[in-house]
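So the protein sequences, as listed, match chains P and W. Numbered by the numbering used here, the letters in the first sequence go through residues 83 to 466 in order. Numbered by the numbering used here, the letters in the second sequence go through residues 15 to 356 in order.
Hints are supplied without guarantee of correctness; some may be wrong.
Keeping only pairs whose Cα atoms sit at most 30 Å apart, straight-line, the calculated DSSO-like set for lysine-lysine is [stated by the list, open to error]: (1) W/K277 / P/K102; (2) W/K244 / P/K321; (3) P/K406 / W/K223; (4) W/K244 / P/K228; (5) P/K364 / W/K187; (6) P/K406 / W/K280; (7) W/K280 / P/K355; (8) P/K355 / W/K277; (9) W/K206 / P/K360; (10) P/K134 / P/K115; (11) P/K102 / W/K125; (12) P/K92 / W/K341; (13) P/K360 / W/K279; (14) W/K206 / W/K175; (15) P/K364 / W/K341; (16) W/K279 / P/K92.
It is worth saying that the hints were derived from the structure and are not from the lab.
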Amino acid sequence: MSKFNFPSIKETNDLSNLRKEVRNFITKSLNHKEFEPSADAWVFSASPDFSKKLGSMGWLGMSFPKKYGGNERTALERYVVTEELLASGAPVAAHWIADRQSGSQILRYGNEEQKKSIIPKITAGECFFAIGMSEPDSGSDLASVKTKATKIENGWKLEGRKIWSTGAHIANYMIVLVRTSPASEKNRHEGLSQFLVDLSLPNVSVKGIPDMTGQRHFNETLFDNVILAEDALLGVEGKGWSQVVGELALERSGPERFLSHFTLLESFINEFKNILIKSGSKLIGKLIAELQTLRRMSFSIASMLQNGESPETQAAFVKELGNKFEKTMVETLREFSNIIPLYEWPSQLQNLFEDATLRIPSNSLRGGTTEIMKGIIARQLGLR
Amino acid sequence: MNEELGIILETTSKVLNKHVDHKLRQNIDNDNSDLINLWDEIEQIGLPKIAVKDKFNGSGLPLSTTLPIIKLSNNIGAPIPLSETILSNYILSESDINPPSGIVTYAIDVKNLKIIGNEISGELISVPYLNLTDKIVFITEIEKTKKVILIKNSREDKELKKNFLSEPRYNLKLNKCKILYIKPVNLRINFKQLGAIVRSAQMIGSMEKILDLCIDYCSQRKQFGRALSKFQAIQHQISEMAVELSASSAALSTITNSDDFYKNKKDIAILKIRAGAAAGKVIAISHQVHGAIGFTQEYELAYFTRNLNSWRNDFGNESYWEDELGKDFLENNNQNLWEYLT
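Take the sequences, apply the hints, and build the full model.
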């Protein structure tokens, strides 16, 4: 087990000051009614204006090199900023994927031209990304993707469909995982490649899929023989699998895996503090203990990323535990409605609670299911 | 990890691995020469006084630094009162009492204590390893001051407790027992908090061992023509244990890597809550995947799970600390939750 350690990382004074700075910014935005705190805001609540503002504060692409318009700050600084934004329920969905994973993929695998043209826009909060992994017939079994890119003169031809791409309808680009050659019999992970696809190209069509709450964030994207330039290939042809695994560590380890519904918990406590003091301290204590542990683990992973490590397994731990925590949290609040009936909760709190209840099943699906997380962990334990 | 600690860990590991096997665990008595030899070597490498001040001939390491050593000892499953002696001696030394040599234990709780002159009567509850020592430390309030008391009880009025624990534990009636030392307590955090930290480190060491036992057993044991570890249902259960363990370890490293953990009492509560909750799951899952063999005395799993059952209840169970933590947040400040957490 020693290989799954989460070394304890202290929050320095500089980080605490940054935290205060972000908090003041958020308070001001709230006072000016620039946003309404919402549940699951990193998926559901997109505001290109707010993203642009964050960009101008230097809080997007924080760790990117200055050469490409980045801020050359640490992964820990980025962690603090994202935590504050999530905890306040701010509308961060527009830039979330670009800032979290796509920018880093381009910096790692893109060519100079791509870095120069795209990274500064991500940092400014003016360029958004969607994830192109799942397909109608490929979900958890990602290596079975059928979307394919064929080499043509001076470029590639892209053919296939991607599905469940959150925010593709407002995104400028999608990083698409495709087959560039058939899988070998021994290794299904061979022959996959990643492409950087401009969603405004001809023959790309993005169609919304309302989710069970009736909202639109999901999309299905059809690539009907889209002609791509040579340099749309991101990284190395045939190395798409290892590239995508690295990307998933960024996707799974962050505080959005346990702070998606934090605004609900905090509003609930603020509303019912007097009753909780009498009969709810144990329940609240339990939630605090779990949440604080998750924060420590996720912060520790940020420091691993900072040191250039690839904490894919640790990310699976955080995602699995974070998903469980959020489900327990909503369930704990639900049971409390035994004491104060739901219809007597303030309407904003009722809305947050109902939104959370409906959306909570998705938290252990998106970014890899519970079953996939447990499989990853089992593999590392030597059981598979 | 600093270099000094690394060397101590390596030496400790050598000594324990040389002496500890499952047979030793089944004969925890003071006429077991193997056990006495093991303790002699533990003394030689200075572990009992590792957190004792220099002026009492100790190593003077911070208590937080000794946690990896305690964890290691219970990972190997050493049936000796190492954590009890380290903690007892630490409490004595901090309160300016020169710790005695040899094994020292403590009473987790006390009842109806009365002091007349230099003699004490009453009950000591839950005293680990009283079969190996007669030196007992406990803390009680006398005239509104908390006092540390050290006694040497040579009389045979102890009663072996039947409990979940693999290790011996006693209740003891004191009848005009002579007090060796009594001094005001000088601790930055209370006995319950200290005990909670140490027991958590012990639980985590044991849970790491249990996880290894599960992986080994399930990889070797075949049913329906394949190793148990190849069944997804088994893989997912063991993964869940690993997740619980990793969260507990993360909570422990917050304390271990901090020189001033005394200042943050929240982290102590969180550690005991997290480790106690993990222990519950680890006990259940490890027995489930082992089947009947895990339910026997001859196989070593139960030695570790029985200890977990006891330690998760010592010094406050999860409910106790959840309540404390919840109250600390709800009652003692006007912060909102996010401010409290950050």
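Quick one: which hint numbers does this structure break? Sort them smallest to largest.
5 and 11
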